[in-house]
Structures are given as C-alpha cells and as structure tokens.
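Novice: Residue strings, one per chain:
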Amino acid sequence: MRFTTTTRLVASSMLVSASVFGLAIVANAQEATFVVSSQNVGTPSYNPINGTQLNDAITLIFDRMVIQDADQTFHGQLATEWESTADGMSWTFKLRPGVTFHDGEPFNADTITWWIPQFADTENAFMTDAIESVEVIDELTVRFAMKNPDPNLLSNMSSGFMSIPSPKAFDALGDDFGVTAAVGSGPFKLESFTVGQETVLTANEDYAWASDLSENQGAPHIKTLTFREISEDSTAFLELSTGGVDMLYSVPTDFLPRLEAEDTVQVGTMPGTGLFYIPINTTVEPFTDIKVREAAAFAINQQEILDNLYGGVGSVANTFLIDSLLAANVDPALKISYDPDRSNALLDEAGWPMGSDGVREKEGTKLQVALWTQNGTEFKRVTEVVQAQLKAVGIGADITVFDSATINDQYRKGTEHQLAVRSYSWANADIIDWFFSGQRLGYPNVSMWNDPTAEEMNVAAMSGSRTWEERVANFTTYHEYVLSQFVFAPIYQPVQIYAYSRDSISVPEVVRGTRLQSQTVVDITVN
Amino acid sequence: MTAFAPIRTAIGSPRGGASAAVLVLVVTCALFAPLIAPYAYDIQNLPSANTQPGAAHWMGTDEFGRDLMSRIIYGARTSLTVAVTAISISVAAGLTLGAMAGYFGGWFDRAVTAVVDLTWSFPEILIALILIAIIGPGLESTMVAISIAYLAQFTRLTRAQIMALKNETYVEATTNLGAGHFHIIFRHLLPNALTPVIVAGMLATGDAIILEATLGFFGLGAQPPTPSWGAMMSSGTAQIFIAPWIIIFPGLAIAITVISINLFGDALIEALDIRNRLRSV
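Protein chains in written order, with the working numbering: chain A, 1 to 527; chain B, 1001 to 1281.
Just chain B, with the same shape it has in the complex (with noise of 0.2 Å):
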C-alpha cells in the first residue's frame, strides 16, 4: 500500500470527494488570489461603499467600497496559511516533544505531561489570547499563539504511540543490535507514530481557522488591509443592517472550509482505519 492509497480510498467516498473538491478549490484561490481576483483586495472606492451583490460585484462591495469577493479570496490565503503553518509547527514540536518524553520517560517524561496537562485544561482561545496579550497583535503572533495553543494536542497523542510502541519486538530486537536513542526515536517510532498525529494535524487545522478567524474578530490577527475572514466579519458587525452581505459571505467561507477539513478527515480516519488509535489518547 502507497502511501497515497488511503487518500485515493477517501476521495472515492461520497463526503471525502465532494470535501476534497471544496478544499482544492479553496486552496487554489489562496494560491492564485492575484490571478483570480477579479479586483485588488486593498483599494477603497467609498463612493461604492456597501453596494449590494450583483453583476460588477459578485458578493457585493464591503463599507470601504472593495470588492467583498476580492476579499474572500484574498482572505482564504490568510487564513490558511496561518492555520496550516501554525499547526505544522504545532505539529512538529508535538511529534519531538512526545516521542522524547514517552521514549525516555523518568523526570523528563513527567515534567513534559505536567506542562501539557496544565495547557490542556484551558481552551485553545483562551491560550491564544493570553499569548498575544504578551508578544501583540499581527499575523505572526496569531501563528505563534495558535501554534502553541495546540501543542499540548499533539504531544499527548505522540507520547501515548510511543509508549504503545515502544515495548514492541522489533525495537527491542533494534536496541540488541546496538542502535542509538535517535535512531530508534526517528527510524522505527515515529515513523509508525505518524500517521495519527497526521490526521490529527489536519482536522486540528479546520479549529485553527475558527480560532484565526476569531483573532481576527477580536482584531488580533491580520491587520487591515489585510483581508482576513474574521476580521471582515468583525468590520461587518457595524454594518449588519446596512450590508448584510459584509459579514455573510466570510461567515459561509469559513463555514464551508472548516466543514470540508472535517469531512475529509474522517473520511481519511476511515480510509486509515485508526478511529481507535486517536481515541487512545
């Protein structure tokens, strides 16, 4: 089996195919937003200032007068690129950190599980904000803050693969030939430790929309012009009876994003077969 055969099995499902189209697209608007686009993202025309959707503007003109699609599109490159770098390093440091801390175990292994049980009885938002009211608003703190807020996540989930595999025959037969901690950790651990933590990775991705898009609600995240999802909803608040489109067409872009990362992820996890190895955690 290829790697790639569990993906090929998710797409071929009803939900898995229909979600992976809605994410490819998704994905292609953040990677050609200037191609796309029908305007620039950034450039105010107040005469046409809240305009209603229709043939010049397809989902209407936001309270700046820019086109309201324009933005959208723009803002799907903000919002992913923030939810997936911040999970991938997320993710990254989880797998170190748990493989390290459930391989070695003693004093290490405990101080680890203390840190990420304390972060793991807050909500992610609360994290997120406690860590941007340190280092301040903007994209990078957003990565930074929602990164973290998930660390606690991975790790735990890493740390009990570990634990399950370390006691495994064939790395007992490993450590008898002689092989190092590294070697093991990352040549024969990990490796089968990966694929849940994976999986994990990508739904975790779709709450790490939501929570940039809540950021950006709050005006923590992106700052203007930067399109962002949230912080288009937040500006559309002002205008909820004036242009209802302004708060609308963001709130179904993340909708429709956050519920295709999900389907797809499960029907990945039953390509995969590994329900029960994430719920070991």
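Pulled out of the complex, with its shape left as it was, chain A reads as follows (with noise of 0.2 Å):
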C-alpha cells in the first residue's frame, strides 16, 4: 500500500498530538490540587514545634509517633509500640526501623532525646511539661521518665504539633524552619510555601512507613499535590465546579444543595472538631463586671444561627468543649444557652438602662463594644448576625475585620478588642488550657483572663491527673469554673463536611482519624 506524502504527514502528525496528549494525561493523573480549610487560611508556618496556629498539610510534611482513628483509638506511625508503668511515671516507645527524613538523616533514639526539650518555652510547651527527661535504651527504643503521670500523653503525641521535624534542618534553618522550607519524613516533601496562597508538595518515593490506618504501604499516589488558600468560600466552591481544584477541606453548609447536584462532586461529612465562640476581655470596661459578660452570653441564639446560617448542619455550642469530649458533661444549670430576658434583667440591675436608640447607657456612657472578626464568609456572617443579637439586648457593637494572618498579633496588645468571633478546631479538653490559660494573656488567650482559681484548677488538670478518669473529672471541673465566670460565649458546633471532584480522585469511604491528614490521604489516587 502506498501512501501520499500528505497522508504521511497527517498521519505523523496525529501520532506525535496522540503521544504528546497521553503524556499530558500521565502528567495529569499525578497531580491534584486542594483548598484548605477556610478558618485556617493565612497559616503562617509549617513549623511544628513553635507554631500555634497549623494547616492540616502538615501531617504531610512530618509524621508523628503515634496517630488517633476517629474511635479514639491510638495507631502507631513512627513508634511501633508503647507501654507506661501503673503508676503512670515512666513510658516507652519503641521505634520503627528504616526511617530517614527527606534530608536522608535517619530517625532512630536520638532524635527523640533532641525533639523533646525543643518544646521548653514554646507555646507547645504544655504538651511535654509532664516529661522529666528522655532516656536511650537502645537505638530504636527510648523510655520517658515522667514528672508526673499525663493520662494524656498520646493524645498529645498524636497532634500535629506534635510532629517531628529532622533535628539537622531545623537546627539549620532556626526561624526560617517552616517557612523557607520544612524538612520530615512524611509521604510528601515540603516543595514550596506562599503564605496566605499556596503549598506544593511532591511525593517522598522512599516513604514505606504509614500507619495501619492507610491501605497503601508506599509512597502516595499523587505525585504532586498543591494545597490552595481561599478565604472566600464561594471561589471556592467555583473553583471546585469548574476543575480548576479537585478538592475543598471544609464547605459551608449553604454550599450544600448546590454541590449535591453536581454530577460530579462528592460531598462527605465527618463528625466536627470544631467550636465557635465569643471571647470576652475581661480586663477592660464594661466587661470587667460579671454581669455584662453573663448578659452578652445569653444574649446570642445559638439555635437561630444554627437554623438560619448553618441550614440546621452541625449544633448549637452550649458549653466551650465540643460535644463528644466527656469534659462537655458539664452541671446544666452552667450550660449557655440563649435567654434575653435573663440578659435585659443583668443589664438593667448592672446599672446599664435601655437608651431611647435602643443601646444601653450609664452615666452618659453608651454600651459601645467593639466586635472583631476576621476575613472569610463564615466569619462575617456570624458576625453580623451576633452583632444584631447583641443590639436586641442594647448592646450596641462596632465589627472590624482583621486579616486572618495579623489579628493574632492585635490580640496580642491585650487592651483594644473587647468581644470577637472566633473559632478552634481540636478535640481534647485541653483547648480550655490553651484558651484560658493565665501564661498565654493576650493570644491565645483572648479573653485576658487570669484568675487565681482557675489557675489551680488548671494545673491539677494539665498536670494532677494520675488516670484517664482523674483527668476527664479535674477538666470537668475546670470547664464549670470557666462557664461560670462568663469569659466567652458559645455559639455552634460545625460538622465537617468535605467535597471532591469524582472525575479527578478517588477518597476513601471512610476518612481515618478525626480530620483529613496523611493517613486518608496517602490512599488517595488520581484518576
């Protein structure tokens, strides 16, 4: 069969277009990009150790001694095994062989006695105050003598700030660890970092250590993987519809409906770990009083924001603690829930009376606060509505948005917010340390509050408890003493909900963990 020149050409052509399309396929089915959560938008670090605000592309970057699976239960990652003495005084961990950071240093013994003083005077710091000292046994065990029982350490060890970096890079980098680069033995290397933009991370081809909780024992499917920052969560959402992401961590709940009848989008919730709330400063006028602090809890309708806002997804937040922490079965009589009358009553007997505006004054002064906020549709959102909720009782409020990556640092002054609308995910008691803790006045501390008896408490919580039990009941108590001094308001519990593009990836059915990090994610593949 003979050809003519032009058939020849043509057919040329379209082979070489076949080739260079196929490879752009390949290409493709490696590669996938995600949004992270809204609320963590602006994270300013993937510094473990002194970081106080994380994404969850950390558990990427770093792997941690041990994992939680959503029943609660502890998984091994890089110990293989653990056991404590009865007395709670003394832990060892033995460690999993053949495990090198991306910088090709190994991990073994040693780098267990370098990570743990790391955390002395950071804001982490709590999570290893309870360890006296880190001891070698051999290369791949190492003991932990207590200085006093922590029914919570592996709770803690399962943290993200519990991750653990390569001791040379991050004696190497110092402050730049985290931010110009960061350097683990995760399944993904740490490629490049924008703050407030985006991640790209590639995959660690030697990583052959994940936990029993991943399907896939190797290295992860998705060679590259880019994790975008969209604070508006409508981009988003269009982003998500028009291919150009392949999938959002967090989804508000108007988005719902919408996304469901997309052919091509699956939703999917996780139970919530997260809280939002209204910090009180207590230290300057008017909430230094009581009173005003108790009436401006009880004057936010959780139930109303959780109607109308949130289309009934999630719950209302009554106490600070989310619902299946056993710390939340707190006394109901110190449960906030909505109750104007008991905050126009509050008001009217601490001498604030209804003005003709409809803001309370007293002595020519208006009941005037101001209301922070930060950047983000949900913020806002709540924002406005707590602001009007504020006003049916005659507390008039002023919103100011901050960016998500400086307001931290206007906390930190102390003295210029007064209420604000915040949220935290975390599902352990010891957020109630982490939030109220008289050490951290100003962030994260933002209610400004340091009171003597909590102080005790607080220190028979994070450090007295011998048992899991001794330490659920001291938190309890301490959580009773915070609801009692009204040094915040609840307002809502979110679940998590989750939404990808069908055509792109493949999710596993049922998310490992509490959240969406490495051990979901390494099971993830491109189609």
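Calculated directly from the structure, the hints in this document are not laboratory data.
Glycine included, each C-beta is placed from N, C-alpha and C at the ideal position.
There could be a bad hint or two in this list.
Cβ pair distances, simulated, as ranges [to be verified]:
hint, chain 1, residue 1, chain 2, residue 2, range
1, A, Pro340, B, Leu1031, 28 to 38 Å
2, B, Thr1081, A, Ala345, 31 to 41 Å
3, B, Ile1240, A, Val510, 26 to 36 Å
4, B, Ala1111, A, Asp348, 53 to 63 Å
Partial pick of chain B residues on the chain A-facing surface, computed with a CB cut under 7 Å [to be verified]:
hint, residue
5, Ala1030
6, Leu1046
7, Gly1219
8, Thr1237
9, Ala1238
Using the hints, put the two chains back together into the complex; each one sits in its own frame.
Specialist: This is the structure:
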C-alpha cells in the first residue's frame, strides 16, 4: 500500500499529538490540587514545635509518633509499640526501623532525645511538660521518665504540633524552619510555601512507613499535591465546579444543595472537632463586670444561628468543648443558652438602662463595644448576626474585620479588643488550658482571663491527673468554673464537610482519624 | 447670565434632563431615607433570608433577611455623603493649594508640583488603600482617603487656571492699585478659575462613588450594619448562586448613579463651553 506525502504528514502529526496528549494525561494523573479549610487560611508556617496555628498539610510533611482514629484508638506511626508503668511515671516507646527524613538523616532514639527538649519555652510546652527526661535504651527504644503522670500523653503525641522534624534541618534553619523549608519524614516533601496562597508538595518516593490505618503502605499515589488557600467560599466552590481544584477541605453548609446537585462532585461529612465562640476581654470596661459578661453570653441565640446560617447542619454550642468530649458533660445549670430576659435583667441590674436609640447607657456612656472578626464569608456572616443579637438586648457593637494572618498579633496588644468571633478545631479538653491559661494572655487567651482559682484548677487538670478518669473529672471541674465566670459565649459546633471531584480523584469512603490527614491522603488516587 | 443659567441649559438637553431627574431621585433617597425606605436597614429576619424579589420585598432580601431596597435607599446616603464630603474637602484644599502655588510660584510652587506629580502617578485606589491601611477602616477614614486621593487633580487644575489668569491686565491693574496678594487671589483669580474646578469636582464625585464602593467591597469602608453599595455587593458575592439579586441591585444603583453624574457633568460642560479649559491641565 502506498501513502501520499500528505497522508504521511497527517498521520505522523496525529501520532505526535496523541503521544503528547497521552503524556499530558499521565502527567495530570499524578497531580492534584486541594483547598485548605477557610479557617486555616493564612497559617504562617509549618513549624510544628513553635507554631500556634497549623493546617492539615502538616501531617503530610511530617510523621507523628502515634495517630488517632475516629474511634479515639491510637495507632503507631513512628512508634511501633508503647507501654506505660502502672503508676504512669514511665513510658517506653519502640521506634520504627528504616525511617529517614527527607534530607536523608535517619530517625532513631537520638532524634527523640533532641526533639522533646525543643518544646521548652515555646507556646506548645504544655504538651511535653510532664516529661522529666528522655532515656535512650537502644537505637530504636526510648523511655520517658515523667515528672507527673500524664494520661493525655498519647493524645498530645498524635497532634500535628508533635510532628517530628529533621533535627539537622531544624537546627540549621532556625526561625526559617517551616517558612522557607520544612523537613520531616512524611509521605510528601515541601516543595514551596507562600503564606496565604499555596503550598506545593511532592511525593516522598522512599516512604514505606504508613500506619496500619492506611491501605497504601508505600509512596503516595499523588505525585504533586498543591494546597491552595482561598478565603472566599464561593470562589473555592467555583474552582471545584469548574475543575480548577480537585478537593475542598471545608464546605459551607449553604453550598451543600448546590454541590450535591453537581454530578461530578462527591460530598462527605465527618464529625466536627470545632467550635465557634466569642471570647470576652475580661480586663476592659464594661466586661470587667461579670454581670455584663453574663448578659452578653446569654444574648447569643445559638439555635437561630444554627437554623438560619447553617441550615440546621451541625449543632449548637452551650459549653466551650465539643459534645463528644467527656469533659463537656457539665452541670446543666452552667450551660450557656439564649435567654434574652436574663440578659436584659442583668444589664438593668448592672446599671445600664436602655437608651432611646436601643443602646443601653450608664452615666452618659453608651454600651457600645468593639466586636472583632477575621476575613472570610463565614466569620463575617456569624459576626453580623451576633452584632444584631447583641443589639437586641441593648449592646451596640462596632465590627472590625482583620486579616486572618494579623488578627492574633492584634489580640496580643491585649486592651484594644472587647468581643470577637473566633473558632477553634481541637478534639481534646486541654483546649481550655490553651485559651484560658493565665500564662498566655492576649493570644491564645483572648479573654485576658487570669484568675487564681482557675490557675489552680488548670494545674490539677493539666498535670495533676494520674488516670484518664481523674483527668476527665479535673477538666470537667475546670470547665465548669470557666463557664461560671462568663469569659466567653459559645455559638456553634460545625460538622466537617468536604467535597471532591469524582472525575479527578478517588477518596476512601471512610476517612480515618478525626480530620483529613496523612492516613487518608496517602490512599487517595488520581483517576 | 446668572449662575444658574448653564444649569438650566444643561437640564434642557435630553441627556442632561434625564440624568438630572435620576440624580434628584438618588439625592431624595439619601435625604429622606427613613421616610422612603419600607423597612429598617438593620433589622435582621433570618428565617426570611435570601427571599426572591416579590410583593413584600421588591428587591428581595439579603442573607440576613434584611430588605434589600431599604438598604439600597440608605446606601445612597452613605455613598453620596462619603463622595460629596470627600470631594468637597478635596476641591477646597486643591483650590487653596493650587492657587497659592500658581500665584506665588518659586520654591512653594516647585514643592507642591513635585508632591502633586508624585501622587498623580499612582492610581487613586492605591493611594486610598495605603491611607486606609495607615488610619484604619471606617466611614471617616474612607472620606479622608478619598479626599487625599483626588487632591492632586484639583490642585493641578487650579494651578493651571491661575497661571493663565495671573498675567491678565485686570490683575496687573489691581496690583497697581495696591491690592494685597490674598485680595487678588480670593477676589479676582479664584472666582474666574472656579467653574472648571467645580465641574471637574462634579465628575470626580462619580469616580469617588466607585472608589467608595471599591473600598466598601474590600470591607474597608462603612462597617456593618451601615449599608454601603460596595459592601452589599461584596457580601452578595458569597450568595451569587443562591441569591443573585443581592449583588445585582447594588451594582445597578452604582452604575446608574455614576452614569447620571457623568452625563449631567458632560451636559454642564457643553452648556458652560469649558471643555478646552478642562483639557488644559
């Protein structure tokens, strides 16, 4: 058979195009783009030891000693076995052999002896406070001698803040660690990081030490994973529906009907670990008066916010802890639920009669307070409703919106804020210590609360408990005291909703753990 | 010719008349918002959030169940107050600075020209954003930022007018009669230089409304619950798939107001026959 020159040219160009197209598909097949939760936009670094705010990509760059499943059980990651003596004063950990950091440094007992002391004098020191010293038994065995029993040790070790960095890189980079580079032993290596914009990760091809929660025990299927930071939920939604990104870590509830209607989008939910609340600055007028604090707290209509802003998805918050924690089971009389009559009576009692314009006043001073919030649709919406609910009992509030990356520095000034709308995501009762300890005034203790009784209860809860049950009891007492002093107002407990493009990636049906972290991400495949 | 004659001529033209009618409507809304608006602008009714336009709410409700039409009517007050106040300050300051620089010349003129040329080389939005970053967000800050952002324009225009006028023989005659500098500037020069500056000020008011809306869109202008067209559009972006009217109606309000100001300004320029003087800057 003879072919004309034109036929040959056409055929060969088709072949070339087909191969280029095929190559492009292969290249695409290994890449994915995820969008971090809008609450995590502006996370300033990937330094687990010094960081006070981390996003979920931290668990992909670094490994932890143990990780926790959704059923609260612990599974070994860099530790293979662990045991504690009956009195809780000693813990022994067997370490996984053959683990190396991204810079080629080995992980062994020496890493642990270097790592634990790094927490001293950092905001995260409470995590390792109970550890007196670390003893090397052999290259892959360490023993912690404890100052006091810490029933929460494994929980701390499963937190992203106790991710283990490469000692060599950490010491060499100093303050730049986590900003210009972050070196761990996790399934992904940090390629680049631009605060507030994106984090690019590449697969760690040497990875062979995933926990038993993951099916994939080797290198991740995704070879290049980009985490984008998008503060506007509608923009993130548009990106997902037009194929610009493959997965959203958080989806606002009002987008649920639209996302569920999209053929190519799969929506999943997980129990929530977060809570929206209003810290009340106890050191500035008028909130030095506990009656005014109590009035502000009881002015918040949690049910109205749940029903109308979140379409009934999630649950109301009446305490400072998420409902799944045992220390959330407080005396029902101490729970904070909307009661405008109580608010009005308290404000009258405190000497703030209603003014003609609907804002209360005392001796010519209006009950007008500063209400801070951060950028992002969800925060702004909740804050505007809170503003209207406060107004309904005669508390005027001026909203100021701050950039999420700078608002914590503003809190540290201590005296300029009065009320704020904030949220946290944490599944442990020690979040009470984090946000209300007198050691952390300004930020994280935005309430600026420094109360001797609370500090005693804090010590008992954080370091005075020998068993888990005792810890729960101590935290419940501490939690009840915090509630009784009205240093915050609870608002809402979200569920975690994530969404991904069915066409581009496959996500395991059951998410392992309490969040979308490494144990699930290594199993995600690109279609 | 009285001062109102050109205005009458402008209104007499078809585009001038139509735009003047729209502007009168907007100003009436701003002045009498509490009487005209069917609902309070700040009362939330969450169960009625995102209601479609209908009999009860002609323009629908926003994400907090507030009547959108009432908020747009009150928003006219915010937009006009900010734009008119800011441009008035800017015109007053620009007239003074420009007249002094043009009349006295020398080092003062060089200094003013250098600063004006420097700010002239940046877009107004950039200058306003920098100023708000320094003084903080809010309605007053927005006014200050906008007035400073437009100052260069009026200073430059006034200076050019004064430079052209100061060599006129009537000025020379007044000087020879022993009149002082300030008498010459404020009694003879400025009144003759005023018309183009006032018209430029009017046209800049349209731009200032857009600038106010832009700052409001970024959350830097009027703070909630005070309605501002820009901020309303900003919150509407989050609801664009659920309640598109939240972004459409404030957008239309801005567009119609600014187009009307520009059309009326154009008609006024024609009536006054000052297009060449405005171009001389």
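Novice: Does each hint fit the structure? Answer for all of them.
Specialist: Evaluation of the provided hints:
no.	hint	in the structure
1	A:Pro340 - B:Leu1031: 28 to 38 Å	holds, 35 Å
2	B:Thr1081 - A:Ala345: 31 to 41 Å	holds, 39 Å
3	B:Ile1240 - A:Val510: 26 to 36 Å	holds, 34 Å
4	B:Ala1111 - A:Asp348: 53 to 63 Å	holds, 60 Å
5	Ala1030	violated, 21 Å
6	Leu1046	holds, 4 Å
7	Gly1219	holds, 5 Å
8	Thr1237	holds, 6 Å
9	Ala1238	holds, 4 Å
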